[in-house]
Amino acid sequence: MLTQSAKDGFDTLLMQSLKSSMTPAGEQAEVILLSEQEHAANDASQIVVLTVSSYLFRAMVLFYFTPNADTRGHYARLNHIQTEDMSEQTFMDAIAECGNLCCGILNRELGKFFAHLGMSTPNVIDKQCAAFLQKLNGQHLQHFAINITQSPRFYISLCVSSYADIDFEVDPDAAGSETGELELF
Amino acid sequence: MINQILFLVAGALLSGLPLAWLLRRERARMRTMVGQDQLDLLQREVQTALAQQQAGFEAQQEELTALRHENDQRLAHTERENATVLVQRNAKNSASVARMLENCDASQETINNLLGLMRTFERWHDDMNVLIEHNREMHRKNDEFALIVNQVIIVALNASIEAARAGAYGRGFAVVASEVRDLAQRAEKLSKSYRSNLYQNDLITTTTFQDLQAGGKMIIGAVTGLDLINKKTLETLALAA
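Just so you know, the sequences run in chain order A and B. Quick note: the first sequence, position 150, residue 150 per this note's numbering, numbers continuous. Quick note: the second sequence, position 59, residue 59 per this note's numbering, numbers continuous.
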């Protein structure tokens, strides 16, 4: 149902969205594709999950995180605040908002290929839920990692289920080059 | 004498030939000249032809005038017909525009109702939060159950040790302790399987709900687009009416 070009397109758009949304100002970031074996090293404890849907497909994005000092430090830098000023609620809101921003960019970019799209609000689930990703009948499951200079490695998974033949092509050089206002929920 | 006769004949011949030639030429010229009668006849014929042509010309002019008059009448008639058709069409168009406005108003009402679907999505969101909280409660209860099972396994193990210490008197108790330990191990296995199912349930519930939520926003987005188009159509029709 999903062509290889479409799978690559979803991956490219998500990688660009991750880089745009998760990198604190002035830091360098690199997003890489991971194999199942490489993804096994992911020892995060929780997941923020979001869905971008159309009537042709649904794309679920899972952001893994462990609520520790390093993660707090990353999200504090991302939001330009001091770590000690970040309450538990502010910390969880910052993680959810980051996922929201990333999927907002993905939603906007996918909008260039699909006429009608919608995006969910974020939910937090336990990392052990990820063991059942195959139960979602996805035609495309890809893992990613983002390496940021002063932050711990963050893991991300993309699971796409399609309900029609989907084929589109993303130019990796053109994707993510635009910036602008996003519709936030 | 003969010579005289010859000279006379020769002289007569020499002078007669030019005269004959001149006579012949004069006759030929006379043949080409038209006589006065013929000239008069020709003049009369020309005058008759001219008169006929004049008469024809005048007839044609009259015919042309009549034709022009007829065309003017036809043109006036066509203009009157066109004006009538235009009035009728304008009336029809006005009726069509009025009907279209009514349809647009009806569409607008439906669109407004559809936009009210947002309340349904909000309800789903609340229900989802209840479901997630319910799942969390089940996780908590299952974790507590797992703790109890672990405790039972330890107690059963202690009971087996105590039964062994009691020797022959403790044999019956050892059997009971072993049974309890077996039951606890089965309960532990069941608890782990139940926990696994709860995580699976969390994932499926969350992603299904998110799909509903995103689908709802997609529908609201499409209906909002429809709302804009309908309002623009209403504006255009209002200007045309």
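Derived by calculation from the structure, the hints in this document are not laboratory data. Misleading hints may appear alongside valid ones.
Said to hold, decoys possible - With a straight-line cut-off of 25 Å between C-alpha atoms, the simulated DSS-like cross-links for lysine-lysine are:
| id | chain 1 | residue 1 | chain 2 | residue 2 |
| --- | --- | --- | --- | --- |
| 1 | B | K141 | A | K127 |
| 2 | A | K135 | B | K192 |
| 3 | B | K192 | A | K127 |
| 4 | A | K19 | A | K112 |
| 5 | A | K127 | B | K92 |
| 6 | B | K141 | B | K92 |
| 7 | B | K92 | B | K232 |
Cross-check of the supplied hints:
1. K141(B) <-> K127(A): holds (19 Å)
2. K135(A) <-> K192(B): holds (19 Å)
3. K192(B) <-> K127(A): Holds. K192(B) to K127(A) sits at ~16 Å (cutoff 25 Å).
4. K19(A) <-> K112(A): holds (19 Å)
5. K127(A) <-> K92(B): Measuring from Cα to Cα gives roughly 68 Å; hence the hint is violated.
6. K141(B) <-> K92(B): Between K141(B) and K92(B) the Cα gap is close to 74 Å, so the pair fails against 25 Å, i.e. violated.
7. K92(B) <-> K232(B): Roughly 22 Å between the alpha carbons, so the hint for K92(B) and K232(B) holds.
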